[in-house]
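Undergrad: For reference, the chains in residue letters:
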Amino acid sequence: MGKYVIRRVLLLIPTMLVVALITFTLAHLAPGSPFDRTEGKTSTATIERLERLYGFDKPLPEQFAIFLGNAVRLDFGDSVTRQRPVAEILGQGLGTTAQLGVQAVILALIIALPLGVISALRQNTWVDYGSLFLATIGTTIPNFVIGIFLIYFFAVTLKVLPIVGWGDLKHMILPTIVLSLGSAAFLTRITRSSMLEAIRQDYVRTARSKGLRERSVVVGHVMKNAMIPVATIIGPVTAALITGSFIVENLFSIPGIGREFVRSINQRDYPVIMGTTLLYAFAIAVANLVVDLVYGLVDPRIKVAT
Amino acid sequence: MATATRPMSSADTVLQLNVLSRKQRSLWRDAWHRLSRNKMAMLGLGIIVTMSLIAVFADRIAPYDPTSYFTDNGKRAPTLFEPVWGNPQYVDPRYLLGTDGIGRDILSRLVYSLRISMIVGFVPVSIIFVLGVTVGMLAGYIGGWVDDLLMRLTDVIYAFPDLLFLILLMATLRGTGVGDLLGGLLLLFVGIAVVNWVGMARLMRGQVLSLKEKEFVEAARSIGAKPGRIMFRHIFPNALAPLIVAVAFGVPGAILAEATLGYLGIGIKPPTATLGVMINDGFAVFSATPWPLLLPSFMVAIVLLSFTFLGDGLRDALDPRMKI
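Those sequence lines, one after another, are chains A and B.
Counting from -13, one number per residue, gives the positions in the first sequence under our numbering.
Counting from 478, one number per residue, gives the positions in the second sequence under our numbering.
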């Protein structure tokens, strides 16, 4: 197991290198430098001086090496439109994005676990069909579309919630709901199917036949085993929260990393784009790693290949 | 899902007895029979067929040109909804769904959007299918370096969330010559194909790995069939079912990608009418009138739901063992 953990952790390095290379290449294939947005107003000399200042005049492999060396120390350079270090911008948004993400995960768990368990226990009843239908809608309709309709209904028509912004509790309700829906729907399906899988096992029949109360069969035998596959959703849920964060933060004007990312894309602020992409890819790679490790730990039946 | 058991009537008994003389039904007819009994899937299929027809005949169906401006003094509310929500002051009966922020006919733009959505849905998925099946077949059947390369590529692609890569690609290459071809459509095709072909190849590879050990493949080999014939006459038709399901989910995935990129303002270039572009335009006037935003959003939801219902139905029909 120890060997496996080390090997799995070391595998992060080539993955991140390739991600960094792709990001770097794309950012440098992009036309123009960020400085010619002002078209004509900046003199050539000024542009050259600015490019020297940001190191854009060096050969590409050298720029990549410098970029990598700095990235390891969490130094992604300075934002070219904000004159502030990328790390500082990301650090500032991280708290908000993380808070929103954690709230969304908690809400998703609160919705999905009971829904998944109940629909498995009442398979093929209207409760089951209802929650499956909701889960289909949640996984199919993109979160910005659901967000648009929620904003229209609660903020524009009923005027009970603010449209955009961030601050007090009222601002957090809609973004948290919208961000959690995709994960909640996905989680409901996984919980339901792994509960159904566990219910049919022999040890459940054994537990029933030795006269355990239904309650302790469900809680102690079925649910305990059904929660193992649910651990695998850590990976997809992290990815969903990250891609969801820039859509939801953009929709509700929330000052997190996601909105910063969308802003940097529209302003061609490549240092911010690259820093954010690396951060996101790293988070997802770590989440996938955690899934693999946790899976091996909670289910001793899984033999880890060393 | 569950196999329906019904009481046997005398007619059934006769059918059971005639089972040997009954006309043989192929696997595909069986699957179609199961699919046609799935109401949601048939509803989805019906909507998809209707939308495809609208997409093909967009220029005859749309009442106006999708990029021309009509009501120069601003937007009109949808006439259709006037009795319920409309403000009579802003309604113009010539524009059934009203006009958008700069006076373009929303109905015409929606009709043309469907054309783009269907193209965006089907073209990249065709590329993905051909590329994924070929590479997956070679990787699974022959193995070697193709297989190694495929597995390494998968590791990287899985570390990059699809949307993140697409955003990066569109954001950086949108301004180049490549990004301008077909108004950004070509770059979108390439991006969607690059992100998704590996998944299709992996799926095909898994199928081939299990199928090539089956007796019928061994039988074919033993009577001297060449590898090419075994791959395409014996393995491919048997691997098709999960591939069809993957395609059925790949199409809405691509349509969603276009809408999301459009929403972020880095998709296909305006003024082309696409669902994503319309949603992005709709935000600009949302505080004044909600319809230019709500109508394309609603359309996105309908299109995606139809494909999902059909995909779920296909999965149940083609492989009753697969669950979730």
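FYI, nobody ran anything at the bench for these hints, they're computed from the structure.
Where hints are given, some of them may not hold.
[Unchecked claim] Estimated spans, in silico, between C-beta atoms of each pair:
{"id": "1", "chain 1": "A", "residue 1": "TYR281", "chain 2": "B", "residue 2": "THR544", "range": "48 to 56 Å"}
{"id": "2", "chain 1": "B", "residue 1": "PRO748", "chain 2": "A", "residue 2": "THR218", "range": "38 to 46 Å"}
{"id": "3", "chain 1": "A", "residue 1": "THR218", "chain 2": "B", "residue 2": "SER513", "range": "29 to 37 Å"}
{"id": "4", "chain 1": "A", "residue 1": "ALA217", "chain 2": "B", "residue 2": "GLY621", "range": "32 to 40 Å"}
{"id": "5", "chain 1": "A", "residue 1": "GLU74", "chain 2": "B", "residue 2": "LEU663", "range": "36 to 44 Å"}
The structure presented is a predicted model; accordingly, all values stated were derived computationally and were not measured.
Here a beta-carbon is modelled for each residue, glycine too, at the ideal position from N, C-alpha and C.
Undergrad: Compare the structure with the hints numbered earlier in the document and write down the numbers of the violated ones, lowest to highest.
TA: Structure breaks no hint.
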